[in-house]
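With chain V held as given, fit chain S onto it using these hints.
As you go down the protein sequences, you meet chains V and S in turn.
Per this note's numbering, the first sequence starts with residue 1, numbered consecutively.
Per this note's numbering, the second sequence starts with residue 1, numbered consecutively.
Calculated directly from the structure, the hints in this document are not laboratory data.
With a straight-line Cα cutoff of 20 angstroms, these simulated EDC-like cross-link-like pairs (lysine to aspartate or glutamate) come out: (1) S:Lys260 <-> V:Asp188; (2) V:Lys297 <-> S:Asp195; (3) V:Lys197 <-> S:Glu46; (4) V:Lys9 <-> V:Glu312; (5) S:Lys247 <-> V:Glu265.
Estimated spans, in silico, between C-beta atoms of each pair: (6) V:Gly144 <-> S:Tyr262: 23 to 33 angstroms; (7) S:Glu86 <-> V:Tyr59: 50 to 60 angstroms; (8) V:Gly302 <-> S:Asp195: 24 to 34 angstroms; (9) V:Tyr332 <-> S:Gln23: 54 to 64 angstroms; (10) V:Arg329 <-> S:Asp195: 20 to 30 angstroms; (11) S:Asp109 <-> V:Ile135: 58 to 68 angstroms; (12) V:Lys205 <-> S:Asp266: 14 to 24 angstroms; (13) V:Lys284 <-> S:Asp195: 26 to 36 angstroms; (14) S:Ser79 <-> V:Phe61: 48 to 58 angstroms; (15) V:Gly267 <-> S:Ser90: 35 to 45 angstroms; (16) S:Leu124 <-> V:Glu21: 37 to 47 angstroms; (17) S:Ser256 <-> V:Pro108: 27 to 37 angstroms.
Some chain S residues judged to face chain V by a derived CB distance under 8 angstroms, without partners named: (18) Ser47; (19) Arg190; (20) Val258.
All C-beta atoms, glycine included, are put in the ideal place defined by N, C-alpha and C.
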Amino acid sequence: MSRVMLEVKELTTKYITRYKEDIYAVDHVSLKVEEGKSLGIAGESGCGKSTLALSLMGYYFPPLYYTSGEIIINGRNISGLDPDDVRRSILGTEIAYIPQSAMNALNPTQKIIRFIEDVIQAHDPKITRKEIYEIARERFEILGLPAEVLQKYSVELSGGMKQRTVIATSVILSPKVLIADEPSSALDVTSQKMVIKMLLDLMDKGIIKSMIFITHELPLLYNVTDDIMVMYAGQIVEQGNAKEAVFDPLHPYARGLMGSIIVPESGLRDVKLASIPGVPPNLKDPPAGCQFAERCKYVVPGCTAHSVDFHELEGGRAYRCIFSEEELREAYKND
Amino acid sequence: MTDQKDICLSGSGLTKVFGYGRQTCCAVDHVDFKFYEGEVVSIVGESGSGKTTLAKMLLGLINPTAGDIYFQGKKRDISTYKKKQEYWKSIQAIFQDPYCSYNIFRKIDAVLLDCIHMRGGRRLPHAKKVEMMVEACSFVNLKFEELTNKYPFELSGGQMQRLMIARIFLLRPKILLADEPTSMIDACSRATILDMLMQLRDEIDMTPIFITHDIGLAYYISDTVYIMEQGKFVESGSADEVILHPKEAYTQRLISDVPKIYEEWDLSTV
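Here chain V stands alone, though its shape is the one from the complex (with noise of 0.2 angstroms):
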């Protein structure tokens, strides 16, 4: 068993609005992540992957509230850290985070040197000007970017090597756990291709330990990452490796999500892509129970009853259903 790198235990934050509502984006997550493995989250819109992501680093700013649970990144307890001491002694170094608008993180009149000079002199202020350079210049050889690109401003770079100029600037200081939130989301395949690959590229050198990496895109979540968890309306709602979870998913949600795969390759134009009916409860009010009921095929009277257990298999499996394995097995055989 390898070292865990960061383990969540039933974190719950949420964000009050104007009129004094609470919203649980992060609904009782755990997870854990070991030493070398990466993680994946599923879910469309608005089920919370990125509140997760803010959650995880440590980043309480209003309306964002820490409620209950704890992060342990690397065996320290950041859980109800104040925001700013979190920023001094854990970003960079324990948890790095490339946001999802990478293109437009980088301010247009500064040179990309200075984006990294601001980060290591952050968390080490007597070091110099020349010193950063010759750090800055080694790790983006050993990531295959040119030099040059550390005296260029943002515009004159390309979207594909913006987001992996953003990508080596943060994680410069070598954290342990890098949080990649919708890193390729705005590229076209082929740069697309490059970001992933520079990733994997960080993971094999050692320069990070592991990852977390969310899209809505399952094809690539498949290929890239070890394990695959779905979330929905803020509660995790199966988990697995990428396998299993792509190719025999338990939850009825996470079979509509895989359902709705588009690949290039032959034998999808004779599927029907799978939709999924309705849309997601409003987290303002969530309904008892089950909060996948409304637009499940699958529902009985006994899902809106009361909340759902987490039922946890063998293997590192999980799934957030009332039936049981063989009970969901034998219903999708009928379909």
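Frame of chain V; chain S shown alone:
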């Protein structure tokens, strides 16, 4: 099969050059095509290959530098605003970004009423107009009662895109240009949007033209696929032929770059 069908939109030597003097950029370079009635066409290419420029020319939003567009056998004439409006009755578009496609100062009712008026329904009684709007909204699984008196920005991205399809339902154009209709919405709503577009196609007999960078989508939905590189069509043919047995190196690279689930994804070729 397509031989007996009528050509609804075709172009010859279509070219668009941006810029003047030394700094010119040829976005679309002598492109020839024939789109037949009732067939689903996809134009696939990377960012910057000129897909959207081509779409804008087809819509008459920008003028081509050279070349002609033929609409239903006749040369397209949009020299005056009146003729342009007439043309837009038969060609309509769905754009990439639903958030930017609406005028934020106008309510949803006004958006839909505009479509009815454009079809010549200005003098209909109000109750009839409401009935039409309700029908259009229910076609795309939206409830008109929930939408009325709201502004477009109060909806989610998927809902906005579906409202766009409701507009198309009311307008009943001959040709629909869908410029990356699903790239801003997540994978789960994508299937719903595509289903609706195909249903709409059967309902009102239109010719959809998809412009996309998603090869999987193009393969799933279309009969004919055009691959575009640097302003030129490098390969075209039936979807099975082009996607499963690509001939050009560019097409092969494009397809190998897409993450797949049944085949190995080769990362070494970057």
